[in-house]
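Asks: All the letters of the sequence shown, read from the start, carry residue numbers 319 to 620 under the numbering used here.
What the hints contain is simulated information worked out from the structure, not anything from laboratory work.
Please read these numbers as outputs of a predicted model, since none were measured by experiment.
There are no misleading hints in this set.
Per label pair, the in silico range of CB-to-CB distance:
#, residue 1, residue 2, range
1, P517, A323, 33 to 43 Å
2, T439, V472, 23 to 33 Å
3, T518, R438, 52 to 62 Å
4, A380, A441, 36 to 46 Å
5, P514, A324, 41 to 51 Å
6, L509, V387, 18 to 28 Å
7, V448, V387, 25 to 35 Å
8, A371, S465, 42 to 52 Å
9, A324, V472, 29 to 39 Å
Cβ atoms here follow ideal geometry from the backbone N, Cα and C, with glycine treated the same way.
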Amino acid sequence: MSRRAALLFAGLSIAWGIPYLLIKIAVEELSPLTLVFVRTALGALLLLPVAFARGWVRPVLARWPKLLVFTAVEITVPWLLLTRAEQHLSSSLAGLLVAAVPLVGVGVAMLTGRHEALGRTGAAGLGLGVVGVALLVGVDVEGSQWSAIAEMAVVVVCYALGAALLSRWFSDLPGPGVVALSLTAAALGYLPFAAPGLPTALPSGRVVTAVVLLALVSTAAAFLLLVGLVAEIGPVRATTITYVNPAVAVVAGAVVLGESITVWTVAGFGLVIAGSLLVNRRRPAAVPLDEAAPCPAPVPTT
Numbered sequence: 319m320s321r322r323a324a325l326l327f328a329g330l331s332i333a334w335g336i337p338y339l340l341i342k343i344a345v346e347e348l349s350p351l352t353l354v355f356v357r358t359a360l361g362a363l364l365l366l367p368v369a370f371a372r373g374w375v376r377p378v379l380a381r382w383p384k385l386l387v388f389t390a391v392e393i394t395v396p397w398l399l400l401t402r403a404e405q406h407l408s409s410s411l412a413g414l415l416v417a418a419v420p421l422v423g424v425g426v427a428m429l430t431g432r433h434e435a436l437g438r439t440g441a442a443g444l445g446l447g448v449v450g451v452a453l454l455v456g457v458d459v460e461g462s463q464w465s466a467i468a469e470m471a472v473v474v475v476c477y478a479l480g481a482a483l484l485s486r487w488f489s490d491l492p493g494p495g496v497v498a499l500s501l502t503a504a505a506l507g508y509l510p511f512a513a514p515g516l517p518t519a520l521p522s523g524r525v526v527t528a529v530v531l532l533a534l535v536s537t538a539a540a541f542l543l544l545v546g547l548v549a550e551i552g553p554v555r556a557t558t559i560t561y562v563n564p565a566v567a568v569v570a571g572a573v574v575l576g577e578s579i580t581v582w583t584v585a586g587f588g589l590v591i592a593g594s595l596l597v598n599r600r601r602p603a604a605v606p607l608d609e610a611a612p613c614p615a616p617v618p619t620t
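Using the sequences plus the hints, can you model the full thing?
Replies: Structural data, given as structure tokens:
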């Protein structure tokens, strides 16, 4: 890995590892609906000029029905549910649960006939991943938190489905253009529901900072970093970022919010990652892409 690729990888690991922390801070004063609206609106304002300047808008708009479905599955539903769930769950647990996306992604691919049979090793990996998730949610989760766990389950499934839709419907379109217009569509969809509840006074500096970082770093800049990383190391190797983000989420939650890291947390995370690696062990060779290429890596846009 080149020095540039290493810097891009490190930057993206942080950018997609800290949104759970930022969401946890923001929901201290903002409702989930307000937060997701502001996040998508700011992200769209940052990415749309790039998309227009590069001529990426028109080809994406030509597929607007599919874009709306993708937006609902990848952004509108999961971002709102993730934000709601973090009102009751720690930021680190939310980040760890999202690590199960590659496991669910394989299941989605198998159901749609786009993945080879698992075999014994893959089946063992799937089993390890399930046990890992069970450890994460079954040890420290209280009865009142199970509704939030259910919301996180929907989030994980949505992210896996979203990656599949992105690959199937937009594989020939520029990734930044797809995301810019998806954020725009999501913001417009949230607007009529979020507008009545928008705060009349500016939130605290801590919350404002979290929201700005969430939109600027974890939404707009993160996707541009991903495009650069894919151009450097190819789409297959870029998917390994999925295994680093949860670790960043755990460390960030522990350092900033004082969230605990238990032996069960470490064990559960280890099993989920091991299971994901086993299930996804067979991959085609990576093909480097230029910046106008789509986002081929099944990475959740947290």
